[in-house]
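Residue numbers (the numbering used here), protein chains in the order written: chain D, 1 to 375; chain X, 1001 to 1255.
Hint data in this document are derived by calculation from the structure and do not stem from the laboratory. If you're wondering where the values come from, they're calculated on a predicted model, not measured in any experiment. Hints may contain errors.
Simulated crosslink set (DSSO-like; lysine-lysine; CA at most 30 Å straight-line) [to be verified]:
| id | chain 1 | residue 1 | chain 2 | residue 2 |
| --- | --- | --- | --- | --- |
| 1 | D | K264 | X | K1227 |
| 2 | X | K1189 | X | K1097 |
| 3 | X | K1120 | X | K1199 |
| 4 | D | K264 | X | K1142 |
| 5 | D | K264 | X | K1103 |
| 6 | X | K1199 | D | K368 |
| 7 | D | K264 | X | K1120 |
Short, incomplete list of chain X residues facing chain D, as computed with Cβ under 10 Å [stated by the list, open to error]:
| id | residue |
| --- | --- |
| 8 | I1077 |
| 9 | N1078 |
| 10 | R1088 |
| 11 | F1095 |
| 12 | P1100 |
| 13 | F1111 |
| 14 | A1167 |
| 15 | L1174 |
Where is the CB? At the ideal position from N, CA and C, for every residue including glycine.
Listed below are the residues making up each chain.
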Amino acid sequence: MFNPETLIRKGLPKGHFKDVAARSFLGGITYLVVSIAVLLFAKIIADGAPVLFKPEAPFVDFEFLTAKNETLHVFDDAQGNRHQLPAAAYSQYVSQHEGATQFNEQTYSYSGGGIAGPIAGTALLTIGSMILALFFGVSAAIYLSEYAKQSPFIHAIRLAILNLAGIPSIVFGLFGFSVFVLAVPVITSAPSDRSLLAIPLLIGDYFLSFQGWNSSLMAGCATLACMILPVIITASEESLRAVPQGFRDASLAMGATRWQTIRKCVLPFSLPGILTSSLLAITRVAGETAPIMFTAAVAAKDDLPWQGLKNPFDLLSSQVQALPYHIYTLAARIPSSEFTQRAQYGSVFVFLLLVAFLSLGSMILRAKLRAKLKW
Amino acid sequence: MVSMQTAIQIQNVSFAYGAKQVLHDVCMDIPARQVTAYIGPSGCGKSTLLRCFNRINDRISGAHLTAGSIRIHDVDINRADIDLQELRRRVGMVFQKYNPFAKSIYDNVAFSLRVAGKTKRSELDDIVEDALKNAALWDEVKDRLHSSAFGLSGGQQQRLCIARAIANQPEILLMDEPCAALDPLATLKIEELISELKKQYTIIIVTHNMAQATRCSDQTAFMYLGKLVEFGPTMQIFENPKDPQTEAYVTGTFG
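Based on the provided sequences and hints, a complete structural model is requested.
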């Protein structure tokens, strides 16, 4: 006979202590991980925020964002006052106080002024590489998802693309160096000595010379684009596949060609998804150091990327500074001291802020587009 | 009885998806300006056969005709030099799940015209209005032609899909279970629409609903396991079937 009294337990539930133990163990690990992240951010914000923000209006030190990078001069004057001046201000000071001696003078490279150069360089690298990666990536994704039939060969291609995503970025850096910096063909009237192969073009005195683009914005963009291509292709393919099959059926059934169907009934509806996923790729492009180390970045540059160019196209073949590489330089290439901290933490803080904004932007955009595009 | 003109001649058609044979030696003549219904249990090949008439099966890899021919007004539509786009303009299709594009009502109907190269606004306006009127939808949507098609009810969306399919003035209209996703009232409207449309178009409808077949079709074909079992006037199929399998199916004692 069923005794309802058995439904009421006596004492603690079965397995109570195991449950509590598992819960506290798993919870403890979670909070440990979170606390590491919190500590990291707290340290950077505590040391970096004062560089960018200031207590009085307008609360943001725009000079740090807009000034060029300079060497910092630290010295005592005859009265024993300590001065910290970036190079330009220092030479002004010296010319104003002619004859006065400076004591204990020390210089710190890259530590004065602002980080306009690296910011501009990173922006250019990011924009350039995204344009390239979107063009090639979306084209490949359209082919793979709309045209290619399922076959072992296409399967192998997909696998290769996925594997590409797992290659360490330094390998991409070296690949970019050996291909884009040293080997890709250019048309020139004076092939360089290290050109691998120079083919005369019979038009004027031009040669097709396999000598590479040197270390340049273009080579950096191309290398970064290679690195994120797999991400873009995979994300684009997913977005394309999220478009209902019914759209394609209906479009084809109404006498549209394959391409008309793709252009009018598939791409418009997948483009938002492609773009939002790509925004996430942007944060990776903006943050990588290894791929641009040999292909585009310089530690020091006096001008902003677009200054002092004879024609606009020279921008593509000039080297640029970049934020992640700048952080690397500040951290590893110069002796660290109390005077270098401002530039170091400031750069890292600005960099984190930039990445946070991009991520936030992509999340908001995605939420908005998802709400708008439903079927 | 009026002499029947044949719209589609199906001669010994066998069809396969890769190695899987789904149609076996199907022969029938589909009369013009009538409603022909395909009935049969799921997987009997009736949808596959329907999808052969506008060759929309082409986009499934491995799908191919293994024998026989399908002729529309005496043209073999599986010829290598057939103009697929033009074929699909002449043979419109309405799908089981209503599938308007995420565009405005107007753009949905104008789609097939635009891909055919018609872009003159005044011309489009007239055709869109006619198509919506013929699909008995005009009065319900004339004030919101430029709002999203997704704002319509399921039944309205399906009628929009019909409007979209007839905007090109096709000869033949294929309907693959057009009411499967609709409630009885919306179904009734579509059925009324079908009897109206058969004055202008040859309609071929696949349905699981036998009452629907009796209500709106003139000819009925019963298919089973990829074979055509019986084909004849609807009244005869339902009231006096010749084949015992047909009888079992239409009386509901099947399986």
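Results of checking the hints against the structure:
Among the hinted pairs, D/K264 with X/K1227 is inconsistent with the structure: their alpha-carbon atoms are about 38 Å apart, more than 30 Å. Distance restraint check for X/K1189 and X/K1097: the Cα-Cα separation of roughly 16 Å lies within the 30 Å cut-off, and the hinted pair is therefore satisfied. Among the hinted pairs, X/K1120 with X/K1199 is consistent with the structure: their alpha-carbon atoms are about 28 Å apart, no more than 30 Å. For the given pair, D/K264 sits about 24 Å from X/K1142 by alpha-carbon distance, which is consistent with the 30 Å threshold.
Among the hinted pairs, D/K264 with X/K1103 is consistent with the structure: their alpha-carbon atoms are about 10 Å apart, no more than 30 Å. Distance check on the hinted pair: X/K1199 and D/K368 sit about 47 Å apart at the alpha-carbon level, beyond 30 Å; violated. For a cut-off of 30 Å, the pair hint linking D/K264 to X/K1120 stands: about 18 Å separates their Cα positions. Using the Cβ-Cβ criterion of 10 Å, the hint placing X/I1077 at the interface with chain D is not satisfied: the shortest such distance is roughly 14 Å.
This hint is violated: X/N1078 has a C-beta 17 Å from the nearest C-beta of chain D, more than the 10 Å allowed. The interface hint given for X/R1088 is met, as the beta carbon of that residue sits about 4 Å from the closest beta carbon of chain D, less than 10 Å. Against a cut-off of 10 Å between C-beta atoms, the interface hint on X/F1095 holds, since the closest Cβ of chain D lies about 6 Å away. At a threshold of 10 Å, the smallest CB-CB gap from X/P1100 to chain D is about 8 Å, leaving the interface hint in force.
For X/F1111, the interface hint holds, the least distance from its beta-carbon to any beta-carbon of chain D being 6 Å, beneath 10 Å. Among the interface hints, the one on X/A1167 holds; its C-beta lies about 8 Å from the nearest C-beta in chain D, closer than the 10 Å criterion. Interface restraint check for X/L1174: the shortest CB-CB distance to chain D comes to about 8 Å, inside 10 Å, so the restraint holds.
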